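Using the sequences and the accompanying hints, generate a full structural model.
Under this note's numbering, the residue at position 250 of the sequence shown is numbered 250, and the numbers go up by one with no gaps.
Keep in mind that the hints were calculated from the coordinates and are not lab data.
Keep in mind that this is a model prediction, so the values were computed, not measured.
Cβ coordinates follow ideal geometry from the N, Cα and C atoms, glycine included.
Careful, some of the hints might be misleading.
Okay, the calculated beta carbon distance ranges per label pair [unchecked claim]:
1) R110 <-> D173: 23 to 33 Å
2) D90 <-> E32: 25 to 35 Å
3) D231 <-> D259: 29 to 39 Å
4) R146 <-> T174: 32 to 42 Å
5) R254 <-> D90: 23 to 33 Å
6) R114 <-> V220: 27 to 37 Å
7) P93 <-> L42: 25 to 35 Å
8) D173 <-> E32: 45 to 55 Å
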Amino acid sequence: MGHSRAGAGGGTPAEHLDGLLARAQNGFEIDEAVLGRARDALMHQSELRSCRQCNEPAGPLGYSTYRHIFLLPDGSSLLLWELEHNTGQDRRPLFEVYADEDALALAERRVHERIGGGARWDELEGLPLWLPEQLLHAVAPVETPRAYVADDSADHARRVLRRAENPDRPGADTEQLLATAFAHDIALAPKPRRRPGGPDATWCRFYEHAFLLAGGDEIVLWELEHNLTADGRLVCEVYLDEVSAELAADRHARALGVDL
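Laid out in structure tokens, this is it:
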């Protein structure tokens with residue numbers, strides 16, 4: 001499964017939504033009120049959240065999850081999740097769309113079992129909610145090699161830096177280097193944390209964006225996505241190293257009295 005849909009943002013939000021629904025097998029399940037809000041959006045953006053693959057003699061089986069963000073007139077955001085997989089009989093791409101992340105998780109579980117994931121989902125029940133997604137392959141942590149894809153990598157780097165809200169985000173020197181990026185890899189870092197539900201619901205995830213540069217060097221950006229803000233707004237921050245991203249998350253949590 002490729003990264004082709006990550007960052008795709010052509011057309012109006014309404015046109016983008018219609019495209020999602022047209023290719024989705026289950027588009028009819030999305031509530032009309034949700035669809036109406038998305039069609040009224042001012043802007044939209046699509047991002048690859050995760051992808052997994054299992055190589056088989058007949059060809060690779062895998063699935064990718066995309067997050068489609070719609071910016072609404074009141075300043076809030078609406079999220080739709082798209083699951084792309086090739087687990088059907090003829091292995092052609094199939095698409096599903098969800099407005100609820102719990103429903104998405106069930107769908108990912110179903111597809112994960114079809115492709116023969118290394119760990120059964122029921123083996124993971126009862127473990128912390130910040131369990132890394134890499135452990136869906138195996139209960140013991142393993143080193144996962146990067147899977148670089150050449151797909152508008154310099155533009156992806158620009159978008160990652162553009163959405164960063166932290167004052168100490170990478171500066172012009174890093175932007176200049178990343179302008180030469182020709183391939184990239186996106187991975188959910190092994191420390192996402194989530195405590196859903198209730199008045200103290202928190203969201204804190206780390207993404208690792210690795211870029212190959214024209215000269216053969218590699219630059220890794222660490223993206224911290226969290227709602228540890230005074231108003232609970234979801235924001236993104238970007239750092240050049242893992243330690244800085246981790247310290248930022250801990251600093252935000254302490255300021256709010258939240259235990260990650």
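Item to check | Violations among the numbered hints | outcome: Those not satisfied are hints 1, 3, 4 and 5.
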